[in-house]
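**Student:** Those letters in the sequence shown? Residues 1259 to 1971, per the working numbering, in order.
Note that these hints are calculated values from the structure, not bench results. None of the values given here were measured: they were computed from a predicted structure. Everything hinted at is true.
No farther apart than 25 Å at their CA atoms in a straight line, the calculated lysine to any residue pairs in the SDA-like style are these:
1. K1395 - E1550
2. K1393 - K1699
3. K1393 - P1563
4. K1393 - G1532
5. K1887 - T1842
6. K1623 - S1903
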Amino acid sequence: MAHTARNIAVTLPAGTGGTLSAFVVGKDGAVLETAPFADGRAILQTGKDTLKGARLFIGPPFPKDFPASAIDAYALADAGAQQVSVNFTDNHEIAIRRLPGDIIIIPPFHFCDVVGNVTNTVTLDGKATTGPVCKAKVHICTVDWYFRWPIWLRPVIQENLLDQLKDHVVALTPSIPIPPPEKINRQLRSLARTTNRASAASKPIQAATGLKPLPSHVQQDILSATPDTIHEIVYNHADILFPYFCWWPVFWSWFYRVTERTVATTDCNGHFDGGLLFFGPQPVENIYVWVEALIGGVWTTVYRPPFPCATHWDYSCNTDIDINLTNPSLPPCNCEGQASDGTVWFTAIGNYGIALDIQQSDTAKSLGRNTLGCTNLYDGNQLCPFGATLDLGLAFGSILPPAAYYRWKYTLAYDSGLNPLTGQTPQYLTPSIARPYLWQKSDGTWQTGAINLQATDAGGTVAYSIPNFDVTSYPGVPATAEWVSFNFVSAYLDSNSIPNGYVARFELELLNMDSAGLFEVVSVPDHTFQVSINTDVSGGYGGSTDAPAAYLTADPSTSGNALALSVLVRVDNAPITIQLNPATLAGSGVTGPNPCGFLQYTDTTQEVILSFQASEPFGFATFGFSVSKGNVGVILDANGYVFQSPSPFILSAGTYTSSGETVGDLLGSCTRAAFAENLTVYHLATNGSSPLWETFAPPYYGSTAAAFALTNT
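Could you put the whole structure together from the sequences, leaning on the hints where they help?
**Tutor:** Below, the structure written as structure tokens:
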């Protein structure tokens, strides 16, 4: 009679608490099966004969975010799992009589963001030009020493390779090159390994022309090594040996364990971000990255340096890893999107100011303020107006709309008090517009060109030709050329030409020429006009969607048709006001300047009057104010919008005055002290690509400081 294979039960000691699982691990360290414990029992499907040749680990379950493909014996050890003996009872069970004392029931774990930037320098129009590498694959790996793991998980170096290593040590001469200082990862100069050994920061890599002979004790250890002892020797001398191993790649895989954890993709700025989950209380990991890019339709490795010297030892999470390439085959970054056939897509004002984020309702309010024409791009309360130069981005599909030309115009729609305006004359935007393209020359360098889009009708009116989807269709354009990007700046305007605080209606019209050779507006189906879904440029703005009714100028004569795409935009380039007023003591009679900065108090209950001005004519600004004492640091701070009164300040006519701050509040345990006041005001205006205060200059930014001292003598 044939015997039916039976499942194997694993039982835990009575009273075992916590959530645990059983892991069956093969000889190669791979996990063959995972079974959770319930009421102290886990049921394994693995057969008894297989179990006899496998290892059994007991440990905590892995978080759902941890990739199943990464769970192996190494990960189990990191998570605090422990190997237990596989001894079968008469009932064909595996009874665990005693759990190892160092099993971690609830393992600490942390997330680590591995971030960085990839750039490339090419010759463009005869000049070295550095730009981002977009849509590249960044392979993020962790690096371990095999010596950290149980001996059965370490590769046993072959005798002939060990002999080669000994030969390399004996043959070391100054003629063997080492990486020049600029090629060696800066972190290696202050190497702090995960062991308790002293940091190698005090032993900087020498900028020599060759590798020097190893110290005699290191030579002796290696020359006397056996396959059983070489792992420990290399590990113990790691701080000395790793620059040598940069040039001995044949030995890497025997001592270093490199595990790919994730693949991140660079965005339009060349930035990448890969989140990794690690076990352990401290985010201390060794990170190595390599990069692939799409060249000629083929994924090609463009960066893969020797990992011992390019490993970021003890990587500090969320610290940029900057990779700078000089690969002439990598074209300048082109983050592709794709407009639907027969449509025109308004991508954004600037890089990110998409239409859907610009308020079109004149009744919408946030924090009690009307947000008409403002964006939430850099302010969650949608209180960012627009300023400086406004670039208007468009993209067209491969099949063009039923028109040959386009143009932008604006009309003043509301004054600074948000009163509707009527009878305003439209202003047409007529700057010179040329759409750029590029191609690679036979010598590997890159060249740019541009297609002039400006056109005029028989009456001299300016409009712009809708560009062909394929740039090579234009005469004289090389067959390998392509547009620099899927969208382009279709018009631009210095918004200082619009009165501060006003709301302008920007309209995009599609045109044809009539029989007299004059431009005429074409009525098109509503869906012809598209707007961006989100601000993620690296993802092509998430694609496009039909412009909602609030963003269209409807054709009154044809239902479902529009005469223009319409966007209300509030403009504000008004300067901020910033001023620190002298600190005073209530009742002292001193209200003017205090050139010496001393305030003499008679009672610690006296009120200290702090005062400053922070304003913007239409309230589109924020401020930050702080008081620091001696070397203690900040003891008082207040911040917010310039129309708010954060404690302990009261706002009146643009001036903030403190209330209730006494001498004792500021002095604390001191009897006299010196104080520094710092005030910064930030305009909320944006050009759609960045906050304008980031110019760190007027009229959008101001910063000032002052000092005073309190004394009783």
